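*Asks:* 1 is the number of the first residue of the sequence shown in the working numbering; add one for each residue after it.
Incorrect hints may have been included.
Dumping the calculated SDA-like pairs for lysine to any residue here, alpha-carbon to alpha-carbon at most 25 angstroms [unchecked claim]: (1) Lys97 <-> Thr131; (2) Lys120 <-> Thr57; (3) Lys97 <-> Leu48; (4) Lys136 <-> Glu98; (5) Lys136 <-> Ala43; (6) Lys97 <-> Tyr50; (7) Lys97 <-> Pro137; (8) Lys97 <-> Arg134; (9) Lys136 <-> Leu48; (10) Lys120 <-> Ser142; (11) Lys136 <-> Met42; (12) Lys120 <-> Phe94; (13) Lys97 <-> Tyr143; (14) Lys97 <-> Lys136; (15) Lys136 <-> Thr57; (16) Lys97 <-> Thr45; (17) Lys97 <-> Ser142; (18) Lys120 <-> Glu98; (19) Lys97 <-> Thr116; (20) Lys136 <-> Phe94; (21) Lys97 <-> Asn135; (22) Lys136 <-> Ser84.
What follows is a list of derived Cβ distance ranges for each label pair [said to hold, decoys possible]: (23) Val141 <-> Leu117: 19 to 25 angstroms; (24) Gln140 <-> Gln44: 29 to 35 angstroms; (25) Gln44 <-> Val112: 39 to 45 angstroms.
Because the hints were derived from the structure by calculation, they are not lab data.
Quick caveat, the model's predicted, so the values are computed rather than measured.
Ideal placement from N, C-alpha and C gives every residue a C-beta, glycine not left out.
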Amino acid sequence: MSARALGPNAIPAARSAPPNLIRFDTGIAALTLLVAASSVFMAQTSQLPYLWAALATTAICAYIACISERSWIRALWINLAILSCTLGAVEAYFWSKEPLERQMQYSEGFFVPDETLGYKPVAGETLSHRTSIRNKPLYQVSYTIN
């Protein structure tokens with residue numbers, strides 16, 4: 001049995017470990033979880049639930065893009081974040097341009113039944129009327145009808 005001498009080319013090259021698809025950062029994960037939880041709360045209590053859902057989706061997609069190792073996966077998540085942010089901006093735009101809805105509040109007994117008119121204001125009493133738009137008072141007046 002004879003041993004052969006190994007040349008420099010005979011040494012096997014060390015293989016590098018395959019790259020991970022993602023790397024985990026607890027600080028960013030906690031922040032993303034906080035954004036998602038607050039967005040769920042705001043979606044239930046806000047007039048713009050889809051805007052908050054879009055912001056949460058944007059934050060989560062941005063987080064996944066930050067922790068992605070491969071560039072094509074990062075590009076995919078960045079594009080999804082931009083799409084979500086754009087849809088949220090469109091939602092906010094259409095909400096701001098919607099027609100204003102008036103809310104009118106009358107004091108008790110403002111109208112009484114009438115055979116000719118159907119309803120009419122009560123005569124001889126001072127009554128108040130308040131109108132608001134989006135929960136902001138527009139005006140508040142008091143009437144005395146004789």
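*Asks:* Taking the hints in turn, state whether each one holds.
*Replies:* Quick rundown of the hints versus the structure:
{"no.": "1", "hint": "Lys97 <-> Thr131", "verdict": "holds (20 angstroms)"}
{"no.": "2", "hint": "Lys120 <-> Thr57", "verdict": "violated (52 angstroms)"}
{"no.": "3", "hint": "Lys97 <-> Leu48", "verdict": "holds (13 angstroms)"}
{"no.": "4", "hint": "Lys136 <-> Glu98", "verdict": "holds (16 angstroms)"}
{"no.": "5", "hint": "Lys136 <-> Ala43", "verdict": "holds (22 angstroms)"}
{"no.": "6", "hint": "Lys97 <-> Tyr50", "verdict": "holds (16 angstroms)"}
{"no.": "7", "hint": "Lys97 <-> Pro137", "verdict": "holds (19 angstroms)"}
{"no.": "8", "hint": "Lys97 <-> Arg134", "verdict": "holds (13 angstroms)"}
{"no.": "9", "hint": "Lys136 <-> Leu48", "verdict": "holds (17 angstroms)"}
{"no.": "10", "hint": "Lys120 <-> Ser142", "verdict": "holds (16 angstroms)"}
{"no.": "11", "hint": "Lys136 <-> Met42", "verdict": "holds (20 angstroms)"}
{"no.": "12", "hint": "Lys120 <-> Phe94", "verdict": "violated (38 angstroms)"}
{"no.": "13", "hint": "Lys97 <-> Tyr143", "verdict": "violated (33 angstroms)"}
{"no.": "14", "hint": "Lys97 <-> Lys136", "verdict": "holds (17 angstroms)"}
{"no.": "15", "hint": "Lys136 <-> Thr57", "verdict": "violated (31 angstroms)"}
{"no.": "16", "hint": "Lys97 <-> Thr45", "verdict": "holds (21 angstroms)"}
{"no.": "17", "hint": "Lys97 <-> Ser142", "verdict": "violated (31 angstroms)"}
{"no.": "18", "hint": "Lys120 <-> Glu98", "verdict": "violated (32 angstroms)"}
{"no.": "19", "hint": "Lys97 <-> Thr116", "verdict": "violated (40 angstroms)"}
{"no.": "20", "hint": "Lys136 <-> Phe94", "verdict": "holds (20 angstroms)"}
{"no.": "21", "hint": "Lys97 <-> Asn135", "verdict": "holds (16 angstroms)"}
{"no.": "22", "hint": "Lys136 <-> Ser84", "verdict": "violated (31 angstroms)"}
{"no.": "23", "hint": "Val141 <-> Leu117: 19 to 25 angstroms", "verdict": "holds (21 angstroms)"}
{"no.": "24", "hint": "Gln140 <-> Gln44: 29 to 35 angstroms", "verdict": "holds (31 angstroms)"}
{"no.": "25", "hint": "Gln44 <-> Val112: 39 to 45 angstroms", "verdict": "holds (41 angstroms)"}
Hints 2, 12, 13, 15, 17, 18, 19, 22 from the earlier list are contradicted by this structure; the remaining hints agree with it.
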